[in-house]
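With the hints as your guide, set chain R onto chain Y.
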Amino acid sequence: MEVKVTYPVVKKKNFFVRNAYDLWRALFTIVAYTCLIIDMLTPGIHWSLIVIGGLCVLWIAFLYRPQVENTLIKKGCDVAAAVCLYQLLLESVIGGNWGAFVAQIVFFSMLILMGVYFLCYFRGEKRNFLPLFELLVAGMVSTLIMLCCRIRLSWPMIVVGSVSLGIQLLMLILYWKPMLHEYHKKFHV
Amino acid sequence: MKQKPVRCPIAAKLFTPEQLPLVMDYLTDVNKRLKLSRKYTQQMLEDHAWALHRLISLGETMETAMERLNPERLGDFYLKERTDWYPLDVAAKIYPLSMSVKRMMVFRLSCYLKEPVVPEILQMALTYVMRRFPSFATTIKCGFFWHYLDAGMRRYAVRPETKLPCAVMKVGAVHSPSLRVVFFENRISVEFFHILTDGSGGSIFLRTLVKTYLELLGAELPDFDGVFSLDEAPDAAEWEDAFPVSGKGTAGGFSDKPALQMKGMVPLEQPNRVLHYNLSTKALLEAAHRNGGTMTGFLLALHMLSCKEASRINPHSRKKIQIQLPVNMRKFHPVKTLRNFSMYTSIRLHPSQVTTVAEMMPEIMAQIRQGTAQEPLEATMRLSCRLVRWLRFIPLSIKRPIAYFIYGKLGDGVFTSTLSNLGAITLPEEMQPYVDKFDFVLGPPVENKAVLSVCSFGDKTVLTVVKNTHLTLFEDALYQHLCDEGLKPYMEGSG
Chain Y
-16 MEVKVTYPVV KKKNFFVRNA YDLWRALFTI VAYTCLIIDM LTPGIHWSLI
34 VIGGLCVLWI AFLYRPQVEN TLIKKGCDVA AAVCLYQLLL ESVIGGNWGA
84 FVAQIVFFSM LILMGVYFLC YFRGEKRNFL PLFELLVAGM VSTLIMLCCR
134 IRLSWPMIVV GSVSLGIQLL MLILYWKPML HEYHKKFHV
Chain R
9 MKQKPVRCPI AAKLFTPEQL PLVMDYLTDV NKRLKLSRKY TQQMLEDHAW
59 ALHRLISLGE TMETAMERLN PERLGDFYLK ERTDWYPLDV AAKIYPLSMS
109 VKRMMVFRLS CYLKEPVVPE ILQMALTYVM RRFPSFATTI KCGFFWHYLD
159 AGMRRYAVRP ETKLPCAVMK VGAVHSPSLR VVFFENRISV EFFHILTDGS
209 GGSIFLRTLV KTYLELLGAE LPDFDGVFSL DEAPDAAEWE DAFPVSGKGT
259 AGGFSDKPAL QMKGMVPLEQ PNRVLHYNLS TKALLEAAHR NGGTMTGFLL
309 ALHMLSCKEA SRINPHSRKK IQIQLPVNMR KFHPVKTLRN FSMYTSIRLH
359 PSQVTTVAEM MPEIMAQIRQ GTAQEPLEAT MRLSCRLVRW LRFIPLSIKR
409 PIAYFIYGKL GDGVFTSTLS NLGAITLPEE MQPYVDKFDF VLGPPVENKA
459 VLSVCSFGDK TVLTVVKNTH LTLFEDALYQ HLCDEGLKPY MEGSG
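In the order they appear, the protein sequences are chains Y and R. Each step along the first sequence adds one to the number in the working numbering, with nothing skipped, and position 155 is 138. Each step along the second sequence adds one to the number in the working numbering, with nothing skipped, and position 168 is 176.
Looking at chain Y on its own, in the form it has when it is part of the complex (with noise of 0.2 Å):
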């Protein structure tokens, strides 16, 4: 059967440039996977936890690529709790009491960074709240149950609280309707 080309020859990439992603998975895979085994292998802490978070991290930073909303603000909201979630992982590995009040100092930079740029740009960047508003929530709610079950409150996490608060009303009472038309769109069920 002869078949007539009607389209255009396609530029074939690179087999590395066409398959990056893959393969950086694929490096990565084996990278956690090698070091677990040697880690289960000898005596002493479990640094292989540390090596595995810190890909992760890694991998949430800079090769993961949401397909839909891939945006400074959920780039940004994802690497800030990537980030706190492996200070909580070191402290367990490492031992000590530093992960829980460092993570809380990362979470509040973050928001405050990601809070300022938002309302900064609102304009171009109120569609693209999402992320943001579940990290002000996070920081909310996790205050909120630390006083609720009378847990000693650090400096740190009352200023999550605050912040995530502050955000949250400035969001209000800056752009009351354009908000309101926001969550209408992103809470649609």
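Hints were generated in silico from the structure; no laboratory data involved. This one's a predicted model, so the numbers in the text were calculated from it and none came from an experiment. Among these hints, one or two may not hold up.
List of simulated lysine-lysine pairs, DSS-like, C-alpha gap at most 30 Å [stated by the list, open to error]:
id : chain 1 : residue 1 : chain 2 : residue 2
1  : R       : Lys407    : R       : Lys122
2  : R       : Lys496    : Y       : Lys168
3  : Y       : Lys168    : R       : Lys122
4  : Y       : Lys(-4)   : R       : Lys171
Pulled a few chain R residues facing chain Y out of the computed Cβ check, cut under 7 Å [to be verified]:
id : residue
5  : Phe153
6  : Asp158
7  : Ala159
8  : His489
9  : Glu493
10 : Gly501
All C-beta atoms in this analysis are idealised placements derived from N, C-alpha and C, irrespective of residue type, glycine included.
Same frame as chain Y, now just chain R:
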């Protein structure tokens, strides 16, 4: 308010010093109707300058060219901030949940003109047409529970074709479009992310685009059914989710047994190849009637035979050849919606039953009649609606990985292949001299090795195979069976 002077350096290169003042006045008028980002505004001004230049080089006077490219045609679509948004219809909800870097439900409709495409004019046609299809001028966004379509404030571009059909779209940016308009020689193609529309809605968009394009080139064409008039305001019924009209009743019809799969490895890059079998509609219908069936039934029979030859048959296996047959629900509910409004049925035969066209035809026709009846299709539709209702309060971040996993594992595993018949695409007599044919290409499947789509225009029917394997068993068998029926196809496709 004082209008800023327009900057369009390309105009100075394209027009003579005598023409330039007139052109700059024209571009100022265009600029008054644009309130996009600086980049898009500049590009749209350049689009107008290029189109004007092209019409003049095609022999039109400056006045005629400006009249055809009247800035009033832009309306206020690119001027005011759009706040419209559209929840996904019931059928579309699965598509963004199941997509990946290399997998996306995209389909493509193409129109082959008798003359090579003029890209500058096509660009302007698209610019005008988008405002009549506001639900298509959107970008996909994440909600807390579901994805939705949000109005996009951008310029929609036509591009020369550089990839194989139905390649994955990048929809992640703030105003990424969910459709792609490309051209190659005399072919205008529109690729739609399935969340926007189905084949019927897509064909209305394509025909409207082609009609506008031809009118900009000077053709005088009447309004007709199947094309939207750009002077009309969009109607909300055009983007309603027509699924809930099915009301109460039994629900079911989703589950099915795993189907026999054709041989071959799925390559890293999909689709592997696209092939068009050009046939005479008249001859095809005659062959179908000769065998006692309809065109769909006849093509299903040939499809079954080809699937059998492309599969490794185990006589002891109970697995059947199961072909997915989409059905347009508009034939039961005359709705105006452009959104997805189709269901599907499955035509099943055990390989031992797949013998000759004439022998299979009664069974295939009986299954078609049964499967495409209103009641079973509406039962499936009701089940879809109920599933969506049950899942509505589960956050998207939980739903997505589960849906992705299930779709990847089961997906099209319950089918051997798909045959999607868009039917006859009609155009008014005045437009027919400009158009050669249409074709319809389905996106590459997940597990299936080949899928088939068909559409016809006048006496030209194009049967398209989208392949997902390097093996050529399926297309060779299909070609041979068509030849055996006296329907030697003229073959076109990708290299």
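Here is how each hint holds up against the structure:
no. : hint                   : result
1   : Lys407(R) - Lys122(R)  : violated, 47 Å
2   : Lys496(R) - Lys168(Y)  : violated, 53 Å
3   : Lys168(Y) - Lys122(R)  : violated, 45 Å
4   : Lys(-4)(Y) - Lys171(R) : holds, 11 Å
5   : Phe153                 : holds, 5 Å
6   : Asp158                 : holds, 6 Å
7   : Ala159                 : violated, 9 Å
8   : His489                 : violated, 12 Å
9   : Glu493                 : violated, 15 Å
10  : Gly501                 : holds, 5 Å
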